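Produce the complete structure using the sequences and hints provided.
Protein chains in written order, with our numbering: chain C, 28 to 134; chain R, 11 to 181; chain L, 102 to 743; chain U, 17 to 497; chain F, 99 to 548.
Treat the hints with care, since some could be wrong.
Lysine-lysine pairs mimicking DSSO-like chemistry, simulated, CA-CA at most 27 Å apart [said to hold, decoys possible]:
| # | chain 1 | residue 1 | chain 2 | residue 2 |
| --- | --- | --- | --- | --- |
| 1 | F | Lys443 | U | Lys170 |
| 2 | U | Lys170 | L | Lys295 |
| 3 | L | Lys263 | U | Lys483 |
| 4 | L | Lys468 | L | Lys548 |
| 5 | U | Lys170 | L | Lys263 |
| 6 | R | Lys174 | F | Lys184 |
Partial selection, computed: residues in chain R whose CB lies under 8 Å from chain L [as the list claims (entries may be wrong)]:
| # | residue |
| --- | --- |
| 7 | Gln14 |
| 8 | Ser53 |
| 9 | Ala74 |
| 10 | Gly100 |
| 11 | Thr103 |
| 12 | Gly109 |
| 13 | Val114 |
| 14 | Met115 |
| 15 | Ala118 |
The hints are simulated quantities; they were obtained by calculation from the structure and are not laboratory data.
Just so you know, these numbers come straight off a predicted model, no measurement behind them.
Positions of the beta carbon are idealized from the N, C-alpha and C atoms, including for glycine.
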Amino acid sequence: MEQLNNIGASLDFYIFVSIALFSIGAIGVLTRKNMIVLLMCIELMLNAVNLLLVTFSTFFGNGDAQIFVFFIIVVAAAEATIGLSILIMAYRNSKSIDIEMFNKLNG
Amino acid sequence: MSLQMISVILGSLTIASALMVVLSKHPIRSVIYLVITFFFISSMYILMNAQFLAIVNMIVYAGAIMVLFLFVLMLLNLNKEAEPETSRMGAITAVIAGGTLFLVMITALRDTFQYGKGYTPVKVQDAGLVEQLGKMLFSKYLVPFEISSILFIAAMVGAVLLAKREKQVID
Amino acid sequence: MGKDMLLLILISLPLIGAAINGIVGKKLPKAIVGSLATLLVFASFLIAFGLFIGLDKTSIVHLFQVAKFEDFTLDINFQLDSLSIWMTLIITGIGSLIHLFSMGYMSHDEGYHKFFTYLNLFIFSMLLLVLGSNYFVLFFGWEGVGICSYLLIGFHYNDTEKGIANSLAARKAFIMNRIGDAGLLFALFMMLNKFHTLEFVEIGKMIAASPELYTGIAGAITLCLFLAATGKSAQIPLFTWLPDAMAGPTPVSALIHAATMVTAGIYLTVRSNFLFELAPTTKDIILVIGIATTVVAAFIAMRQNDIKKVLAYSTVSQLGLMFVALGMGAYTVALFHVTTHAFFKALLFLGSGSVIHAMSDEQDIRKMGGLSKLTPITHITFLIGTLAIAGFPFLSGFFSKDEILAHAWMSSPVVYGILMIAVIMTAIYMFRLYFLVFHGSFRGGDKLKSHVHESSLSMTIPLMVLAVLSVFGGILNLPGIVFHNAGHWMTHFLESTTYGLNQIKPEHMDGTQSIIMMCVASAVALGVLAWSYSTYVKKQALAKEDAEMNAWEKLSNNKLYIDEIYQTLFVQPILWLSTTLASQFEQRILNNGIFKMTSAIEASGNYTRKWQSGFLSSYLFWMVMGIIGFISYYIIKSSFWN
Amino acid sequence: MELIFLPLILGIIAFFIPSKWIRPFGLLASLSVLGVSVAHLIQFDPRNYVLLFNPAEAFPLGLTFKMGYDGLALTMVLLTNAIISIIFLANWNREIASNARFTGLTLLMQFALLGLFTSLDGILFYTFWELTLIPIFLILYWFGKQDNNRALFKFFLYTLLGSLMMLLSFIALGYFSPNYSYFQLVQANFEGKAFEAALIMGGILFAFAVKIPLFPFHTWQAPTYTNAPMAGTMLLSALMLKMALFGMIKWMIPIGFEGLVYLKWPVITLGGIGIVYGAVIAMKQKDLKTLFAYASISHLGLIAAGIMLFSLSAIEASMVQIINHSIVAVGLFLAAGIIEDRLQTRNIDDLGGIAKVAPQFGFWFAVMTFISVSVPFTAGFIGEFILIKELFSAHWVIGITAATTLVFGAVYMLRAYQGSMFGPTKIESFKDLTWNEYLVFGILTIAAVGIGLYPQMIIEFIKPSIKFTQELMAGDLTLTK
Amino acid sequence: MDALIIIFITGLLGLFVGMLKKSQLTLIVICTGLIAGFLSMFFMNDYESIFSSYNGLSFSRTQQMFGLLAIGLTLLAVLLGYAYYKEDTEHTADYYGLILFSLTGAICLIGFSNMFMFFLGLEILSIPIYVLVGIQKGNSLASEASVKYFFTGSFATAIMLFGIALIYGSTGSFEMKEIQMAIDMGMSHSPMLNIGVLMMMAAFLFKVGAVPFHFWGPDVYQGSSNAVMAFMASVVKLAALFAFVHLFNFTFQTLTPFVSGLVLFAIIVSLFLGYLSALKQTSFRRMMAYSSIANTGFALFAVLNQQFGEASLWVFLIGYACSTIALITINMIVEKETDELSNWKGIGYANPLIGITLVISLLSMSGIPPFTGFFGKYLLLSSAFSDHLPFVILAIIASLVGAYLYLRLMLLSLSREGEGQKLKMTGIQALVLIVSLAGTVGGWLVLLIK
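Below is the structure:
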């Protein structure tokens with residue numbers, strides 16, 4: 028118990044927070060229509076994963092998970108870059124960042 | 011105030027600010043709340059002795075990525091009118107779906123919530139240090155590290171390709 | 102040259118004739134075509150006669166094996182015995198006469214060579230039928246004559262007026278025969294399963310060895326055989342094709358539908374006597390059907406106005422009479438009547454052919470009359486034929502009919518009584534026909550009258566020969582009571598060389614009864630002759646027009662409406678079924694059903710693609726739902742684990 | 017191997033032949049293939065199994081690639097080659113024959129058929145089975161009526177559904193046999209698993225039933241025939257239908273023999289229904305080709321029912337009948353083709369009196385009609401005789417049902433013949449037969465009469481093969497091959 | 099591994115050569131590089147490469163085969179796209195560079211031995227594709243497709259990462275071997291592991307485009323260009339499917355029976371939904387997208403087959419990819435302003451090469467022997483036969499619907515009305531057609547060599 032106290036709350040709590048963040052991100056992805064906010068919500072979900080991984084890393088006591096988080100941050104950065112440039116391109120074409128506007132392809 | 015109390019408060023604040031990200035009408039507010047969320051998350055990292063990640067999280071996420079977001083928001087110069095309206099029905103459905111996702115995950119993982127019992131984390135203090143991570147990154151995880159350069163090259167080329175305005179041919 | 106070789110030559114000669122005429126006949130002059138065909142058949146007759154003279158015992162000629170199966174073989178074998186040679190004599194003898202007649206009769210027809218090809222082919226098939234030593238060859242011939250009959254009935258298929266009717270008649274004949282053929286096939290199958298052979302001799306031996314083994318199956322086999330016989334020999338219920346078959350040229354009617362082919366059923370029954378003897382029930386059925394046919398056909402013949410139709414129904418009636426004899430087990434008697442009937446019916450048909458020829462293809466007796474002076478030879482020979490069939494004393498028909506009546510009397514007076522009615526009716530319609538055609542005044546108009554002429558020699562010679570045979574044909578089998586030693590020559594001839602022909606011997610009959618019966622028959626014939634003479638010559642009665650007829654005359658004139666009944670009972674339902682199946686089941690259920698299904702499948706694509714709404718949030722929503730589903734799957738499944 | 021691959025090579029070459037030369041090329045190509053097969057025939061001893069291709073090593077998936085023929089297969093090979101030559105001959109003066117695509121596709125079809133008949137490997141058999149579909153499909157599509165898509169879809173999907181069921185069966189067979197070699201498949205052990213065997217057999221049967229076609233699977237046939245060009249109809253009915261019957265004899269029953277008890281009577285019943293049903297519907301059809309299509313359902317129902325008895329006599333008779341039906345099909349469809357060619361109609365109501373204008377055609381059509389109603393001295397007679405006999409011995413009800421074909425067959429065939437050829441002349445002119453049509457009718461008639469007089473030659477030829485298969489099934493034979 | 103470096107360097111080199119604005123030269127450089135990559139992959143000895151001392155990548159014989167296939171198909175896709183790219187001289191090199199970077203991702207995804215490489219590979223595979231889809235900048239459909247692909251893709255990535263995290267949480271390792279050991283040691287009932295695996299599976303189903311994560315497919319395929327679509331439908335699909343199958347055949351093999359219900363559900367719904375929706379499409383690429391959903395359904399049978407899953411998948415994919423590339427090439431040749439299917443009318447009759455390729459490709463896709471598509475389906479179905487018979491029968495019924503779909507296209511393009519139609523076909527396109535035709539006809543022969 029003492030060791031667990033080192034990281035503050037119990038492991039379960041961090042898992043709970045992580046799931047909550049993930050779900051909130053998912054809700055955001057589903058509710059928001061603004062593409063930038065959508066992108067942010069996805070970042071939120073990735074952070075939930077990061078939190079989870081760091082928790083496990085602490086728990087197992089090795090750094091592998093933290094390296095993984097490191098790579099996730101790398102990928103998130105790249106993804107954000109690409110996402111934003113796609114967004115800009117889409118905005119140039121349709122003068123809107125409302126995802127509801129992008130429904131010409133259907134059926 | 012024990013560490014446990016601090017972490018619970020931090021966790022609650024994290025969730026609250028994350029909720030604000032979703033609930034804020036204006037995207038810039040969302041960005042701000044998101045940065046706040048990242049701060050809370052970073053502080054949790056520190057609590058868990060992952061100092062290096064905490065710093066990286068602050069610098070890369072809160073610093074670089076969020077600034078990029080803000081920059082794009084400014085670039086596109088979206089005013090309030092352009093903010094898309096969320097339909098009530100859609101929102102309710104989405105919240106129900108997300109809530110269900112949450113509940114289902116909690117239900118499925120309910121057994122895990124006695125996870126920590128009987129395990130003894132070792133060398134908690136050392137795992138998250140820069141030295142440790144650096145050694146690992148350049149020995150065990152060298153290949154992924156090198157490979158990630160491809161990702162960056164690709165992302166770079168892609169971003170330039172997409173975001174660049176085509177040359178206007180002037181007669 | 103051995104007998105075997107002679108037999109093969111005998112069979113193949115008509116085939117050779119058919120081949121030559123069929124392949125090059127078109128280019129040969131008509132005279133050569135006709136005489137070649139006639140001479141070949143006549144040569145066959147001569148060979149047959151030679152074989153007949155030298156006949157001593159049953160011999161079998163093996164030609165080749167068609168197929169060998171696990172438990173039986175199918176061979177082309179021929180059998181030479183008294184029965185087959187007798188039939189051969191009738192076929193080739195009368196056949197050559199009719200060939201001769203046809204040379205004159207068909208001389209103006211453009212299908213001359215074709216006609217002789219078919220005729221020769223028919224003779225060949227018929228020879229196969231009677232000379233085969235097993236049921237398989239018999240079946241070959243059986244089918245073969247059916248086809249030739251079809252070809253010849255529909256010979257004038259492209260006649261502008263009657264073309265369709267002719268071909269329809271041919272089709273009817275073929276199909277009704279096919280129904281009978283099916284019966285024959287079943288009999289063959291049963292025999293193969295039971296005896297593993299189709300050879301007459303071997304089956305006969307097996308039955309002779311242990312008859313009790315086969316009583317059960319014999320009933321079924323004989324019923325099937327009799328079905329076949331009703332088809333070919335035009336008995337109830339399959340008799341309606343024969344009158345229609347008169348659409349063919351008259352020599353065809355004489356040869357096929359009077360003298361030879363229609364007697365194949367009788368031949369078959371006689372051939373299979375060893376089986377029929379084991380099946381008394383079948384024999385009773387044959388008797389009943391024979392009686393019914395003879396009466397019904399005679400009744401219909403009474404008010405027919407087409408000269409050939411009268412003769413056709415007469416043929417049906419006479420065939421019925423023969424089946425009566427068979428039903429009583431009097432096989433040789435039946436054959437005797439076959440022989441005499443062949444003589445006088447061929448004569449009558451050829452005579453009618455001569456009349457038709459003279460009348461420029463007019464067949465309606467209402468348009469004839471007084472031809473006795475215009476066509477004297479035809480008149481005399483026709484008269485002889487009429488007298489013979491009517492049972493005028495001491496002509497051939499008298500003796501053969503008398504034998505049958507005698508047997509009938511012995512089996513049951515009721516049968517005798519009914520047969521007497523049929524005999525009286527026969528005399529009535531024959532004399533009616535004779536008087537209406539040859540006496541009274543000519544009713545065909547002057548223009549036609551000027552064309553009427555006696556036929557050429559090639560047509561009259563067969564008439565005369567047949568007339569002689571009709572008169573003296575009775576000699577073959579004189580009643581024993583009168584001509585003690587000379588009598589029953591034919592019975593003895595057939596008995597001496599065939600196997601297992603056991604039957605009631607007419608000798609056992611009381612002599613007085615026999616003589617009384619002859620007297621009764623003679624009296625009937627003479628009485629009807631007198632009555633007819635007074636009606637048609639003295640009172641100048643004519644064939645009535647349709648409107649004047651009373652009820653029974655209409656019934657007779659309309660053939661008891663049997664065609665119509667068949668049409669409603671069998672033909673229409675099947676055709677209805679055909680149309681309904683094609684339009685309802687086939688089209689609506691199977692065809693449209695499948696297309697409905699495919700179009701439903703195609704249409705369902707419209708629903709599935711609606712899921713793809715085009716909205717990103719809906720896609721993401723379904724992805725989340727998918728994950729929720731996955732996790733729920735886990736929760737549900739893991740709670741069952743424990 | 018040249019026997020099988022010669023048509024493939026020739027077929028590919030045909031696509032590059034200029035249209036001026038394609039006519040003789042097609043005929044000569046098919047004749048040369050026929051010649052090769054005759055050379056095989058001369059060297060052939062019916063008691064032997066000739067293996068054309070017999071790799072020693074094992075391949076993955078249980079593939080063995082064995083190919084070879086016995087008397088049964090060689091009969092079909094010869095039939096195929098002869099019929100293909102006849103088809104080329106029959107089409108000699110038609111436009112279609114000067115089309116390189118047609119010639120090439122027909123030769124490819126020949127390749128597929130030969131492969132099918134000589135394959136001794138389950139998967140190979142299935143492959144060739146499907147392969148036949150492609151050329152015929154293209155022939156139907158390119159040379160058939162323009163708006164025949166519906167019929168084509170039906171044809172293709174029906175046959176494909178059948179093939180897929182067969183595929184399922186072959187997959188299942190993989191669990192009962194070490195590999196897909198024919199000899200192994202026949203010896204597959206179903207002891208105590210009769211129902212499984214019946215299921216496997218049922219799957220294979222499904223494919224065959226569609227192609228034969230058995231009663232409820234026949235709806236593709238009539239529209240396909242009606243829309244097809246003459247050559248396509250001939251290929252379909254003279255050869256493709258026979259694949260299924262051959263498959264039943266050589267593959268389906270020997271493989272799943274243990275399951276025959278379950279399937280025997282259902283299939284015989286369907287065959288019996290087909291006999292009556294096809295005949296009854298044929299009676300009122302107006303289109304000659306449709307009529308012949310339904311007639312073919314009737315005829316093939318009889319053969320299929322006979323095969324299911326799997327007695328030696330029944331199979332021998334079926335083979336005779338298979339050959340006879342090919343002859344009849346080619347002859348009758350040629351007649352229908354000739355009529356359509358010259359008058360642009362096949363409706364019986366519009367025809368009449370042709371025999372008067374074109375007596376030669378009338379005669380040969382009549383001969384074909386009589387061969388089709390299987391009168392004595394023709395090939396159909398002996399086959400039908402034995403088949404009905406065997407069915408009658410199995411049960412008298414089916415025997416009587418089968419025998420109705422004698423009567424009904426006469427009804428519809430004579431109606432078709434008389435309706436079109438007899439009666440008042442409704443047409444002005446009708447060009448009588450050309451030399452090649454004479455030749456075709458002549459060859460067919462000689463073949464039919466020859467077989468009719470001496471079917472023993474075919475029976476002797478195939479009897480050892482069937483006995484061999486039966487011994488193989490019983491396991492009496494230790495395989496050295 | 100050496101192949102990976104060669105290809106990456108070729109991609110970079112291509113970007114530099116591209117500055118010369120000589121599209122032909124760029125093509126030559128790229129092709130040479132790809133061929134070199136192919137050869138180095140071909141001659142690679144197991145587990146031996148300059149990176150062998152570091153973990154992350156390893157190639158077994160099977161993985162090598164998949165790698166070769168991926169490189170080969172990329173070569174085809176590159177050649178196929180040439181006619182299209184060369185018109186846009188500004189960006190020719192960018193296209194090639196991105197495709198090659200994506201290919202390196204695919205190779206990582208084929209050869210990964212820990213979660214790091216797996217995750218990076220997946221991202222390197224995806225990110226260039228997000229860009230390539232939207233590369234026609236002025237085209238609003240393309241940018242829409244890009245947006246949709248990007249957002250759904252990132253969402254799926256998040257899900258997958260959550261799954262990886264949970265798996266790590268339960269097993270304590272990112273190494274595939276260790277994870278497998280941990281699972282085999284008795285972790286298989288752990289909820290965290292199971293949820294993690296299920297979430298990974300969800301992400302995989304997204305990547306391969308199976309129901310209910312298939313939605314991006316039709317929109318993205320339709321919005322993108324033919325050249326990009328060819329790459330997506332062949333290489334991307336191959337890599338994702340292989341990784342999926344590989345994970346579930348080795349690492350998670352103990353759990354495969356547990357997830358088989360879900361996989362079968364996904365298979366059957368994908369098959370029917372794919373084929374049925376495809377029936378009503380008028381756009382060629384959209385139709386192909388639906389058809390690819392259905393084909394994915396077939397391919398997923400490999401997940402359930404522990405023994406031959408990868409080999410079956412290989413055969414199936416070579417048939418599927420070759421046919422798809424052939425059809426896309428044909429579509430490029432016939433495409434006018436839009437990719438309406440009506441453009442296809444009669445093309446097969448007009449041009450024999452197109453006709454033959456088209457017929458054989460469509461037949462192969464319908465599963466008719468002796469083409470590779472048949473053998474692939476045969477292998478996949480036969481292995482599933484004994485355990486999942488009802489689903490195999492359902493799959494066969496669905497394939498009948500598919501056959502109807504392909505048949506319709508075949509009839510349309512073989513129509514005689516196309517006679518005399520003139521089609522412009524470059525030599526490179528003809529080459530692509532012939533090569534893919536050879537793959538469709540003879541690809542399955544590889545089975546025998548092995």
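Hint check:
no.	hint	in the structure
1	Lys443(F) / Lys170(U)	holds, 21 Å
2	Lys170(U) / Lys295(L)	violated, 47 Å
3	Lys263(L) / Lys483(U)	violated, 56 Å
4	Lys468(L) / Lys548(L)	holds, 12 Å
5	Lys170(U) / Lys263(L)	violated, 44 Å
6	Lys174(R) / Lys184(F)	holds, 20 Å
7	Gln14	violated, 29 Å
8	Ser53	violated, 29 Å
9	Ala74	violated, 26 Å
10	Gly100	holds, 7 Å
11	Thr103	holds, 7 Å
12	Gly109	violated, 10 Å
13	Val114	holds, 5 Å
14	Met115	holds, 6 Å
15	Ala118	holds, 5 Å
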